[in-house]
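The task is simple: from the sequences and hints, build the whole structure.
Protein chains: 2
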Amino acid sequence: MQAEIISIGTELLLGRIVNSNAKYIAAKLADIGIEVRYQTTIGDNPAHIQEALKIASQRNDLIIMSGGLGPTLDDMTKPAVAEFLKTNLILDDQQLDRIKQKFVEQNRQFVETNIRQAQYLAGGQKLLNHHGLALGDFYQNEAGTDVVLLPGPPSEMEPMMDELVPILIDSYHLKHQLISTVMKFYGISESQLMSELDDLVSESSRVSIASYGKGNEIWLRLTIFDDGQDDAQQIIDQVQQTIAQRFPSYYFSDNVQESLAAIVVELLKSKHKTITAAESLTAGMFQSTIASVPGASQIFTGGFVTYSNQVKEQLLGIPAEIINQNGVVSAETAIYMADNSSKIMHSNIGVSFTGVAGPDSLEGNPAGTVWLGLAGFGETITKKIQFATTESRKSIREKSVMSALQMIWLQLK
Amino acid sequence: MQAEIISIGTELLLGRIVNSNAKYIAAKLADIGIEVRYQTTIGDNPAHIQEALKIASQRNDLIIMSGGLGPTLDDMTKPAVAEFLKTNLILDDQQLDRIKQKFVEQNRQFVETNIRQAQYLAGGQKLLNHHGLALGDFYQNEAGTDVVLLPGPPSEMEPMMDELVPILIDSYHLKHQLISTVMKFYGISESQLMSELDDLVSESSRVSIASYGKGNEIWLRLTIFDDGQDDAQQIIDQVQQTIAQRFPSYYFSDNVQESLAAIVVELLKSKHKTITAAESLTAGMFQSTIASVPGASQIFTGGFVTYSNQVKEQLLGIPAEIINQNGVVSAETAIYMADNSSKIMHSNIGVSFTGVAGPDSLEGNPAGTVWLGLAGFGETITKKIQFATTESRKSIREKSVMSALQMIWLQLK
Numbered sequence: 001m002q003a004e005i006i007s008i009g010t011e012l013l014l015g016r017i018v019n020s021n022a023k024y025i026a027a028k029l030a031d032i033g034i035e036v037r038y039q040t041t042i043g044d045n046p047a048h049i050q051e052a053l054k055i056a057s058q059r060n061d062l063i064i065m066s067g068g069l070g071p072t073l074d075d076m077t078k079p080a081v082a083e084f085l086k087t088n089l090i091l092d093d094q095q096l097d098r099i100k101q102k103f104v105e106q107n108r109q110f111v112e113t114n115i116r117q118a119q120y121l122a123g124g125q126k127l128l129n130h131h132g133l134a135l136g137d138f139y140q141n142e143a144g145t146d147v148v149l150l151p152g153p154p155s156e157m158e159p160m161m162d163e164l165v166p167i168l169i170d171s172y173h174l175k176h177q178l179i180s181t182v183m184k185f186y187g188i189s190e191s192q193l194m195s196e197l198d199d200l201v202s203e204s205s206r207v208s209i210a211s212y213g214k215g216n217e218i219w220l221r222l223t224i225f226d227d228g229q230d231d232a233q234q235i236i237d238q239v240q241q242t243i244a245q246r247f248p249s250y251y252f253s254d255n256v257q258e259s260l261a262a263i264v265v266e267l268l269k270s271k272h273k274t275i276t277a278a279e280s281l282t283a284g285m286f287q288s289t290i291a292s293v294p295g296a297s298q299i300f301t302g303g304f305v306t307y308s309n310q311v312k313e314q315l316l317g318i319p320a321e322i323i324n325q326n327g328v329v330s331a332e333t334a335i336y337m338a339d340n341s342s343k344i345m346h347s348n349i350g351v352s353f354t355g356v357a358g359p360d361s362l363e364g365n366p367a368g369t370v371w372l373g374l375a376g377f378g379e380t381i382t383k384k385i386q387f388a389t390t391e392s393r394k395s396i397r398e399k400s401v402m403s404a405l406q407m408i409w410l411q412l413k
Numbered sequence: 001m002q003a004e005i006i007s008i009g010t011e012l013l014l015g016r017i018v019n020s021n022a023k024y025i026a027a028k029l030a031d032i033g034i035e036v037r038y039q040t041t042i043g044d045n046p047a048h049i050q051e052a053l054k055i056a057s058q059r060n061d062l063i064i065m066s067g068g069l070g071p072t073l074d075d076m077t078k079p080a081v082a083e084f085l086k087t088n089l090i091l092d093d094q095q096l097d098r099i100k101q102k103f104v105e106q107n108r109q110f111v112e113t114n115i116r117q118a119q120y121l122a123g124g125q126k127l128l129n130h131h132g133l134a135l136g137d138f139y140q141n142e143a144g145t146d147v148v149l150l151p152g153p154p155s156e157m158e159p160m161m162d163e164l165v166p167i168l169i170d171s172y173h174l175k176h177q178l179i180s181t182v183m184k185f186y187g188i189s190e191s192q193l194m195s196e197l198d199d200l201v202s203e204s205s206r207v208s209i210a211s212y213g214k215g216n217e218i219w220l221r222l223t224i225f226d227d228g229q230d231d232a233q234q235i236i237d238q239v240q241q242t243i244a245q246r247f248p249s250y251y252f253s254d255n256v257q258e259s260l261a262a263i264v265v266e267l268l269k270s271k272h273k274t275i276t277a278a279e280s281l282t283a284g285m286f287q288s289t290i291a292s293v294p295g296a297s298q299i300f301t302g303g304f305v306t307y308s309n310q311v312k313e314q315l316l317g318i319p320a321e322i323i324n325q326n327g328v329v330s331a332e333t334a335i336y337m338a339d340n341s342s343k344i345m346h347s348n349i350g351v352s353f354t355g356v357a358g359p360d361s362l363e364g365n366p367a368g369t370v371w372l373g374l375a376g377f378g379e380t381i382t383k384k385i386q387f388a389t390t391e392s393r394k395s396i397r398e399k400s401v402m403s404a405l406q407m408i409w410l411q412l413k
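Sequence order for the protein chains is A and B.
Position 29 of the first sequence, counted from 1, bears residue number 29 in full-length UniProt numbering, the numbering being contiguous throughout.
Position 105 of the second sequence, counted from 1, bears residue number 105 in full-length UniProt numbering, the numbering being contiguous throughout.
Any given hint could turn out to be false.
As the list claims (entries may be wrong) - Which residues of chain B face chain A? A partial, calculated answer using Cβ under 8 Å:
1. 14
2. 37
3. 194
4. 210
5. 292
6. 294
7. 359
Derived from the structure by calculation, the hints contain no laboratory data.
Please read all numbers here as calculations on a predicted model, not as lab measurements.
Cβ atoms here follow ideal geometry from the backbone N, Cα and C, with glycine treated the same way.
Next up, the structure:
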């Protein structure tokens, strides 16, 4: 079974944005054994859309298009495809109601062109859009190549593609599948991780192991093609287990959706422990990350952003001498911040962040110098991290939050 | 002048990597007025390379290919292109010496297949590779479409493309360039923005106006092709000014790098005003956003994360009756939070966030109900926002931060 991916968008042709949709769709198709031999990108132009469809339908069983389903006048994919397939567009009343309802909820006036988003190809199967307004479409073409229409924004396209996968498996009776699993790591470099997996990469040729950076995390993807000959799931599980045992401090999840913060919040809940923080460097980013997890209020009631030295004294009662004698970026200040925040908030655990986000240095400490404090597990723990001076302000702050989560996770688990 | 970009690589077709080369090449071509109407991705397969060349040469003046120039057996671009163009490959002795020299330097044994990297198309102009071993090529085809060969690894391709740009300008006598500008908006939907620009989209056909969502912002890109006939820069400036005047509350910057937070921090600095916050819903995200701007310490010393009702009383001194009588998600609570935080922190401005991030409702308020408070501009201002119940927890919190920044910005400017 062969498929072509057609991406539609002037922004792609102008090189304004990278085509992450083609990558996402291609990976999902590879997973279920559909071969992609061509990817084509064109603009919002009906003639070009139809020309691309003509070429693609001559060399493929399936065409997956993304983009151009929106409400504006330059969104032309649906009518162009309908004309090519010699079918009509049908207005889905239910979807139109949903769209109108959205406008009401957001107190905005309905704009007539939004009707286009509620249309789908007559004879096709509409695909619901849970993160946007435009319907997608799966058109099984008895006379030729099947066509799928997906929206352009990745936040809408990706979940719709995820829902399409089982529909494709079902429609095409796909039996042999790629089984894959993800392993998420924090605190180890990609090259170190891979070098410690050298033996597995060569030995177990059935399981392919690929690494990539995902934000501040390193993800491994283990993949095996299930050809029905043996228990592929068991083989991949075994490799996963071997890797997990090698990196107990770095490997934290095999669930794509699950963040390290969510794991920490769940552990805190199950152990009935509360947490607070005093944040200088990160200025609220840690607490905001904790509160990003639904139900965080069970373990978190609030905390402090103490950016200046004077506020560290005022809100946390840290003696001025401590900061003067040791410097604000020091183990001693981190200890006081963690201890005092947990005492004031009556929390079991207190975390603190003090450091130099840059670009300038502070008290002779270069940008990237960070002290973390962690109260609540016996004697208060500190950890110094020296990020590279070339690391960005954003990255230093985000990695500090991740490092603190990792410290807490290692203590709790 | 029209060009097609052909990317070659199995990794692209499998969705293992994103096609950043197509974006880079497209942007460079757009800059010098070469229009890209098609981008095609294929695998390392001679038949597919030749098929793609055939299609592309029928519809373009120039084809830029990247990938498949390496030393391994699956790198097939050069011989496939040579066959298509009915020309030969010539071995460049100087390049071969360079390659062999590299192997000596790295203490590695020369591998015979590396000879391929020193080949170029007879009749073509070789392009030097300063970051790798494979030669590129610019083949001007008197009988048809010109072809450029670039290596696949971005670290090699990008500098070679940079060097190619002046060669293309010279060869094609390109004088006219694309001028473009970006306009950034917050607080208005894409469809509403575009519908209020309908007249400009049709009237001033010289300036093309494209909209797209960028995170929680809406960006417009205005583009004009400078054909030397008139003052294109002046025309685009005029359209930009017209749009800016239509949306004084939503349009905040024409600088891609500049965030709304950075604008607010700069305004605070220039007006010598300090800011603090009491955050419930957002739990530190606002303060963290302010502190993401270098130099924020001049206008921000710290603040509060008051997640639970009890902590709102403890840290901010909000009377329990206020919360009990009005509810925690209310104008009254927002006012007390903003007022008291600015008083305690001796800040000119105090911002507060209280609301329901979801997924569950709270005190009868559905997820997405948000009250913002803003003290420091005369009587304390409040703003209620009702996000759609389908909006994610993450999005509700992020948009609340953006909305508060917008409120402050409108007061300051």
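Hints, one by one, checked against the model:
{"no.": "1", "hint": "14", "verdict": "5 Å, holds"}
{"no.": "2", "hint": "37", "verdict": "6 Å, holds"}
{"no.": "3", "hint": "194", "verdict": "5 Å, holds"}
{"no.": "4", "hint": "210", "verdict": "6 Å, holds"}
{"no.": "5", "hint": "292", "verdict": "6 Å, holds"}
{"no.": "6", "hint": "294", "verdict": "6 Å, holds"}
{"no.": "7", "hint": "359", "verdict": "6 Å, holds"}
Hint compliance for this structure: no hint is broken.
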